[in-house]
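Whole structure, please, built from the sequences with the hints as guidance.
These protein sequence lines map, in sequence, to chains Z and E. The first sequence begins at 2 in my numbering and counts up by one. The second sequence begins at 36 in my numbering and counts up by one.
These aren't lab readings, by the way, just hints derived from the structure by calculation. Mixed in with the good hints, there may be bad ones.
Computed beta-carbon distance windows for the label pairs [what the hints assert, rightly or not]:
| no. | chain 1 | residue 1 | chain 2 | residue 2 | range |
| --- | --- | --- | --- | --- | --- |
| 1 | E | R85 | Z | R29 | 58 to 64 Å |
| 2 | Z | A262 | E | K216 | 42 to 48 Å |
| 3 | Z | L41 | E | R125 | 24 to 30 Å |
| 4 | Z | L44 | E | K70 | 53 to 59 Å |
If you only want the chain E side, here are some residues facing chain Z, beta carbon under 8 Å, derived [to be verified]:
| no. | residue |
| --- | --- |
| 5 | N112 |
| 6 | G244 |
| 7 | Q442 |
The C-beta atom is built at its ideal place from N, Cα and C for all residues, glycine as well.
Each chain is listed here by its residues.
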Amino acid sequence: MADAVLSSDPPARRIITRPNAVRRFFQRKSTIAFLMALPLIILIFGLVIYPAFYAVYLSTLRKSMTSVAWMRNCAWLPDVICTYLPFGNMQFLFTRETFWKVVYQSCLFAITAVIFKALLGFILAHFVHNIPAKGQRKWRGMLLIPWVIPPAMSTLAWLWLFDPSYSAFNYVLTGAGFDRIPWTGDANWARFAVILVNIWVGAPFFMIMYLAALKSVPDQLYEAAAIDGANWWQRIWYVTLPMMRNIIAITALFSTIVTFANFDIVRVLTAGGPLDQTHLFATWAFKLGIEGGDIPLGASVSLFMVPILAVAAIFILRDINQRGNEA
Amino acid sequence: MRRQTLSRRRFLAATAITTAALSTPFVRGAHAAGKLSIGLWDHWVPGANRASTEVAQAWAAKEKVELTIDYIPSQGNKNLLTIAAQAQARSGHDMLAMPTWWPQAHADQLESCNDIMTQLIAQSGQVNGTVQYLGRAGDKWLGVPATIGSQIKGPCSRIDLLKQHAGIDIQAMYPAGSAPKADAWTMDAYLKAAEACHKAGVPFGVGLGDTTDSVDTAGAFFQSFGAALVDAKGDLTVKSDAVRQALEYCVKVAKFYPADAPAWDDGSNNRWLVSGRGAMIMNPPSAWAVAKRDAPQIAAQCWTHGMPAGPRGRFSPFLPYFWNIWSFSPNKPAAKSLLVALSQPDAVAKFVAASAGYDIPSFEKLTTLPTWAEEGPPKGTLYHYPNPHNHQTLSIAAAPAPPKIAQQIYSQGTLTKMIVRHLQGEPMERTLAWAESEVEGFLRT
Numbered sequence: 002m003a004d005a006v007l008s009s010d011p012p013a014r015r016i017i018t019r020p021n022a023v024r025r026f027f028q029r030k031s032t033i034a035f036l037m038a039l040p041l042i043i044l045i046f047g048l049v050i051y052p053a054f055y056a057v058y059l060s061t062l063r064k065s066m067t068s069v070a071w072m073r074n075c076a077w078l079p080d081v082i083c084t085y086l087p088f089g090n091m092q093f094l095f096t097r098e099t100f101w102k103v104v105y106q107s108c109l110f111a112i113t114a115v116i117f118k119a120l121l122g123f124i125l126a127h128f129v130h131n132i133p134a135k136g137q138r139k140w141r142g143m144l145l146i147p148w149v150i151p152p153a154m155s156t157l158a159w160l161w162l163f164d165p166s167y168s169a170f171n172y173v174l175t176g177a178g179f180d181r182i183p184w185t186g187d188a189n190w191a192r193f194a195v196i197l198v199n200i201w202v203g204a205p206f207f208m209i210m211y212l213a214a215l216k217s218v219p220d221q222l223y224e225a226a227a228i229d230g231a232n233w234w235q236r237i238w239y240v241t242l243p244m245m246r247n248i249i250a251i252t253a254l255f256s257t258i259v260t261f262a263n264f265d266i267v268r269v270l271t272a273g274g275p276l277d278q279t280h281l282f283a284t285w286a287f288k289l290g291i292e293g294g295d296i297p298l299g300a301s302v303s304l305f306m307v308p309i310l311a312v313a314a315i316f317i318l319r320d321i322n323q324r325g326n327e328a
Numbered sequence: 036m037r038r039q040t041l042s043r044r045r046f047l048a049a050t051a052i053t054t055a056a057l058s059t060p061f062v063r064g065a066h067a068a069g070k071l072s073i074g075l076w077d078h079w080v081p082g083a084n085r086a087s088t089e090v091a092q093a094w095a096a097k098e099k100v101e102l103t104i105d106y107i108p109s110q111g112n113k114n115l116l117t118i119a120a121q122a123q124a125r126s127g128h129d130m131l132a133m134p135t136w137w138p139q140a141h142a143d144q145l146e147s148c149n150d151i152m153t154q155l156i157a158q159s160g161q162v163n164g165t166v167q168y169l170g171r172a173g174d175k176w177l178g179v180p181a182t183i184g185s186q187i188k189g190p191c192s193r194i195d196l197l198k199q200h201a202g203i204d205i206q207a208m209y210p211a212g213s214a215p216k217a218d219a220w221t222m223d224a225y226l227k228a229a230e231a232c233h234k235a236g237v238p239f240g241v242g243l244g245d246t247t248d249s250v251d252t253a254g255a256f257f258q259s260f261g262a263a264l265v266d267a268k269g270d271l272t273v274k275s276d277a278v279r280q281a282l283e284y285c286v287k288v289a290k291f292y293p294a295d296a297p298a299w300d301d302g303s304n305n306r307w308l309v310s311g312r313g314a315m316i317m318n319p320p321s322a323w324a325v326a327k328r329d330a331p332q333i334a335a336q337c338w339t340h341g342m343p344a345g346p347r348g349r350f351s352p353f354l355p356y357f358w359n360i361w362s363f364s365p366n367k368p369a370a371k372s373l374l375v376a377l378s379q380p381d382a383v384a385k386f387v388a389a390s391a392g393y394d395i396p397s398f399e400k401l402t403t404l405p406t407w408a409e410e411g412p413p414k415g416t417l418y419h420y421p422n423p424h425n426h427q428t429l430s431i432a433a434a435p436a437p438p439k440i441a442q443q444i445y446s447q448g449t450l451t452k453m454i455v456r457h458l459q460g461e462p463m464e465r466t467l468a469w470a471e472s473e474v475e476g477f478l479r480t
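As structure tokens, this is what we get:
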């Protein structure tokens, strides 16, 4: 009888403990956090991770998509290795004049636009910061408008301003006695136009980030600097900028990634022309992959952004970490 | 042990269920022939989609098919994205409208339409050479040439301006209702007229960008000189005399186009005509239709006609759409039946009328419908648009190169880029070397 009682104990304990374990599992903060993040994880997996790996797979295929695009005749690798690497499309791209043009243009576009956006955002943030609190919200809202309008839509308005034949800017210029400017017909003017529109769209983002950073700088630091006799420039250089360094770095990184991968502004304004001289990686990938029907080559072009942006991200984030550790 | 008994009630129930299950496939309900999902091109012309909906739904009602129609715009290349996505996913519409090169690009994934094409050709006559070039891979018809969306991009000229500045009576050359008397309409005449209109401040509005309108015109000019960058066998022929001759001519005439022509897109030429700034553009009648609405005094002076003839003939750009059935479609017989219905002369006439003459059928017996003769003002302005007297060869830029190579030449705008590079001062041989290097890249499989 005692045996029977003893032997019946463990199942009874299991019956009592099992719901508690499940409940405890679901009550853990990490489980709740995971479950709440799950919809986002699924979305990111479906819309980012899976397409990214699929793009890598596509980039390894030949134009006909029926076999793998193996590399051939590598100058720097023995054939035994070279002919088993599925990067034939990348190898092909390196021999294309247009590809190097796109690399140059993407770097020019991203670097120039980010520098000017940062500069303009910094200046605007200071102006807005110095506006009395009562009217500041109104200005903040108005200055954010270019950033909140979908770029494809606002670029259409810019297209009318830059239109080859009916440019509103040219109407004003000719009215004032100046020559017409081929805004989208000349390579340099076309590059200027797409960079200008990108700055117009992106500068408010920098402004709002910098404004937030400015507001978090303690007033005591400025007071101490004033007591030490620091002038306006010295306050900016020795107080404001060091306190904003991390925000500046993160904003610049984020903006570099987004600007480098830009599609809509160039697509709407110049479609990569004239003579491919405003194409970026994304617009050229679309041109090759979707319009030209060469999806593997288009996927290869789009993947070239990844290593370039990864290197930029590593450098900037490493710098932020180092400063974090020093602090 | 309890013995199972078959009660009367249970017997009746079992009999009813069995009868229903066995007879279900043979009941001809409202959608007995299954479901069919199709993607048609979303027409520019307001109201034109209604005509295709009516024809397709009438067929569906008769055949008892549950039909779903999606109209997919070409604005922003939405249709190309849809084609690419469905090809990758191997899922989507049963039948999809594909422009120009796309049936060839997905030839392996399309159902053969040999059976219905044989039937349609017997009924409505042979299709033109461009349709055969784009629509057939070997002996396999990849689809049926669609009336909806197919277009010729010939010249649309201002009657008054050509007469006034170039001394050309375009209506006499291309009289409404009868065959063209256009022997004098040659490349030399075109060049002289372009120069005269340029001097008069109403230049020909021909683009040199890399969108289709620009590429199509350049392609037709190159073909008129017998110039091809790649021949039908797939061999490079960039550095040929014909290409040099064509390039030289195109650059000569491009000097009389608007200075910003290299930046033009497919809307620029339309705006050029409607604003009254030019004497000619190369476009289907959509520009004229907009002028009819927004600038009737300009529309009343527009005349659509044939291309000028070059040393190797008179070529006009033709861009057909195709209706294609995916090989993964679960209801291919219904899709084929619908394609036959959409290609019947009555349906074709309805589409042409609904599009105000924009749409062109590819079958030779269907290019003399009354719509083109009656549309106006001026009456007969579209008479020569569908090439009713076959006085020009309908072609597509980059042909006769194998379609998958030609598609790259076409989509990259190689021909117009050659013209612009040479126009901007690059030596001819350097331009040819650049083009050869580009096209070599397109030859990869």
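Do the hints match the structure? See the list:
1. E:R85 to Z:R29: 58 to 64 Å: 60 Å, holds
2. Z:A262 to E:K216: 42 to 48 Å: 57 Å, violated
3. Z:L41 to E:R125: 24 to 30 Å: For Z:L41 and E:R125 the Cβ distance comes to about 29 Å; the hint holds.
4. Z:L44 to E:K70: 53 to 59 Å: Since the Cβ atoms of Z:L44 and E:K70 sit about 30 Å apart, the hinted range of 53 to 59 Å is violated.
5. N112: Where the cut-off is 8 Å and the nearest Cβ of chain Z is about 6 Å from E:N112, the hint holds.
6. G244: 6 Å, holds
7. Q442: 5 Å, holds
In the structure shown, a violation is registered for the earlier hints numbered 2 and 4, in ascending order.
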